[in-house]
Amino acid sequence: MTVRPYVKMIFLSQSSERVSKLDKVRWGVIGATGIADKRTIPEGILPASNSELIAVMDITEEKVNQAVAKYGGVQGFTDVGEMLEQAEIDACYIASPPHIHLEHVRACAAAGRHVFCEKPLGRTRQEAAAMVEACREYGVKFGIGFMMPYHHIAVEAKRLLAEGAIGKVVSARAQFGFDYPPMPGSFRQIKELHRGGAFIEIDPADSYVRSDFLGQQRGCLGGPILVGDW
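Residues in the sequence shown are numbered consecutively from 753, following my numbering.
It is possible that some hints are incorrect.
To be verified - Subject to a maximum C-alpha distance of 30 Å in a straight line, what follows is the list of computed DSS-like cross-link-like pairs (lysine-lysine):
no., residue 1, residue 2
1, Lys822, Lys776
2, Lys815, Lys790
3, Lys776, Lys871
4, Lys871, Lys910
5, Lys910, Lys790
6, Lys871, Lys815
7, Lys790, Lys822
8, Lys776, Lys790
9, Lys815, Lys776
10, Lys871, Lys790
11, Lys910, Lys920
12, Lys822, Lys871
To be verified - What follows is a list of derived Cβ distance ranges for each label pair:
no., residue 1, residue 2, range
13, Leu966, Glu834, 42 to 52 Å
14, Thr830, Glu915, 50 to 60 Å
15, Ala926, Gly833, 37 to 47 Å
16, Pro799, Val884, 24 to 34 Å
17, Gly891, Gly833, 19 to 29 Å
Hints in this document: simulated from the structure, not taken from any laboratory.
Here a beta-carbon is modelled for each residue, glycine too, at the ideal position from N, C-alpha and C.
Construct the complete structure from the given sequences, taking the supplied hints into account.
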């Protein structure tokens, strides 16, 4: 069974003739540690024949130097503006904490770079809508890092559902959990930086899979089960 790539762009804004003509997308990464370093760069950008990692950005020189040493031949920055000005990139993958996604999306869009942003897009619906509007205003593509619908198991499950293998689906339940012990400085565990906690971090992935499988839904109920203080 073939394993699908870890990431695939889900474009929300209008199409762009400029990016559709590219043989290879040159990437800059904002937030080069965490999920970008663990999964997206090694499993998404580097193996893809139509992608090239050009630059990485993070908030400290130590983290940047680690990423540059690991991926070799890429440019390193500690400032988003400098990366957008100096690096020859076509698109940016944003894996910074959600509370600064809007700032980073706007900066990339204004610089004419297409945007692929991790979920959750922002802390509020208004922040997410502002990101979509910014990309529309500057005519760049905007994608969200929903990878689950492209996992080989999800693709096969969707095919079976479409073929009626289990009959008519009238309801669906998704459960997703993992251990996340206290980590000093982790933005996901700081209310002011993340707000929604486990629910806003995990539920969008499940919700997107349900929508992809089932199409229009009459209603949806979800919530977190937390162990410990939040």
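Item to check | Distance restraint hint 19 to 29 Å, applied to the beta-carbon atoms of Gly891 and Gly833 | outcome: 20 Å, holds
Next on the checklist: Hinted pair, alpha-carbon criterion (30 Å max): Lys776, Lys790. Please report holds or violated.
Outcome noted: Answer holds: Lys776 to Lys790 is near 22 Å, not above 30 Å.
Checklist entry - Using the C-beta atoms of Pro799 and Val884, is the stated range 24 to 34 Å upheld? => result 29 Å, holds
Item to check | Restraint check for Lys910 with Lys790, where alpha carbons must lie at most 30 Å apart | outcome: Between Lys910 and Lys790 the Cα gap is close to 27 Å, so the pair holds against 30 Å.
Next on the checklist: Lys871 and Lys790 were given as a pair; does the straight-line alpha-carbon distance stay at or below 30 Å?
Outcome noted: 16 Å, holds
Next on the checklist: Check whether the Cα positions of Lys822 and Lys776 lie no farther apart than 30 Å.
Outcome noted: Between Lys822 and Lys776 the Cα gap is close to 22 Å, so the pair holds against 30 Å.
Checklist entry - Between Lys910 and Lys920, is the straight-line Cα distance small enough, at 30 Å or below? => result 13 Å, holds
Item to check | Restraint check for Lys871 with Lys910, where alpha carbons must lie at most 30 Å apart | outcome: At roughly 22 Å apart (the allowed maximum being 30 Å), Lys910 and Lys871 satisfy the hint.
Checklist entry - Is 42 to 52 Å right for how far apart the beta carbons of Leu966 and Glu834 are? => result For Glu834 against Leu966, whose Cβ atoms are near 45 Å apart, the range 42 to 52 Å holds.
Checklist entry - Are Lys790 and Lys822 close enough, with their CA atoms no more than 30 Å apart? => result 12 Å, holds
Item to check | Given pair status - Lys871, Lys822, alpha carbons within 30 Å | outcome: Holds - the C-alpha atoms of Lys871 and Lys822 are around 25 Å apart, at most 30 Å.
Checklist entry - Has the hinted range 37 to 47 Å been met by the Cβ atoms of Ala926 and Gly833? => result 39 Å, holds
Violated hints for the displayed structure: none, as all numbered hints are satisfied.
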